[in-house]
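Could you slot chain B onto chain A? The hints should help.
Residue numbers (my numbering), protein chains in the order written: chain A, 1 to 227; chain B, 1001 to 1189.
It should be emphasised that the hints constitute simulated quantities derived from the structure, not laboratory data.
We treat Cβ as the ideally placed atom computed from N, Cα and C, and that holds for glycine.
Among the hints, a few may not be true.
[To be verified] Label-pair distances were calculated between CB atoms; the ranges are:
#	chain 1	residue 1	chain 2	residue 2	range
1	A	Q163	B	D1158	33 to 41 Å
2	A	P116	B	R1099	53 to 61 Å
3	B	R1099	A	E18	19 to 27 Å
4	B	A1183	A	A143	47 to 55 Å
[Unchecked claim] Some but not every residue of chain B turned toward chain A, in silico, with C-beta under 8 Å:
#	residue
5	D1039
6	V1042
7	Y1045
8	P1056
9	R1101
10	T1107
11	D1124
12	A1128
13	R1130
14	F1150
15	L1151
16	K1171
17	Q1174
18	L1178
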Amino acid sequence: MSPLRRRRRPSEAVAENEAIPAGPIDDDEAAALRAAIELRAAQPAADLPAPEFVEGLRRRLGEMGNEGAPSGIGRRRFLAAAGAGAVAAGVAGVVADRTLLASDTAEEGATAPLQPNDGAWVRVARAAEVGGRTVRFATASMAGFVSERDGDLVAVSGACTHQGCLLRLNDDAGRLDCPCHRTAFDPNGRVLFHQLAAAPRPLPRLQARRNGDDVEVLLPRGDQPHA
Amino acid sequence: MSEDEAGQARVGGAGQGPRPLRAVRAGDAYAGWDELYADNVVRIYRLLYSKVGNRPDAEDLTAEVFLAAYGPLRLDVSRAEVRAYLARTAATVLASFWRRRLGREVTGIELEAAEGFLERPPPDGHAARRAQRILAVLPARSRRILELRFLERQSLRDSAQAMGVSVANAKVLQHRALRMAAAVEEEQP
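Looking at chain A on its own, in the form it has when it is part of the complex:
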């Protein structure tokens, strides 16, 4: 900005959802700014953080834990996600120290794929459809999402682990949104954010495989995808 140009009013910056410019302000502008902040927060969902921010800060905190965590105060380190499988599956960021900290439910939800007692491989998408994208499928007994990251197929249940609402694919944000409460998962089934009293479990994984030009998921026998 040219030094000759007058400084933008903080209340105008807030109207634009931009950072408040530095410098002293008078009482009138302080009052206007206070009102602008209040009105700004009134926009539906304006106060939800971007998933990239949530993920980026999670990573920063994980790195901090690995390098120079203050010791002797009972804190556990974050550990970088260990294991080639997790890395290959694109599970970015960090996981809690598993030996002591991961809860039963969270770990099982994240690692044990759903296995029907009597299952069969059912075609849910064409291989060409899922490259770098997430595709929704639904059958009589199951709704789910299948995606491909770095060559690995990942399929997850499409029902929110909080109260079972069917998740919606938010293609722009690259996430699965629960229409009932403010909760979102990434295509790997991990919780991105939520506003519940306790974090919901990750989405159960389904087994997926490529069969020629088809992507198949292991589903209860007899299931057929809806058109």
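Just chain B, lined up with the frame of chain A:
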């Protein structure tokens, strides 16, 4: 639509090791930092957004709160204690942000209210209803410019056009309307 003919539906056999030891802690303590973070990051962001009204500052302050809190914070305390600590940290971080940025504290975090907010974040629409109550008592043109800018997310240029005024006029109109809104807010907190 083809089912596997042989119906061979076996799990890939990566055997799982013995179940790891688990620390048992009282009450509802978080299972790990990951869970603590996932449970609180949106709450803290929303709290701070309600105090600064813009995304870049809300992001910076949220990061500052977590970076500051992660050192001293312990995992074996209750969720309420974690939230109380985060609320205190947020109050300090916000106060120092305003002093640095504008030389005065435009908004503040009152600890009891903040703990309530973090415990039970207000539902969507709560702030909108409050805004509507404030806008309802403003003169028509003041109400309109604020609706356009803040509720409908129109640019200044588009808002000016919609109201048939110049951009400079729209700016003045907006500033005056915000001051009126501030006066109303003080009357009906």
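Q: Just pull the numbers of the violated hints for me, sorted ascending.
A: Violated: none.
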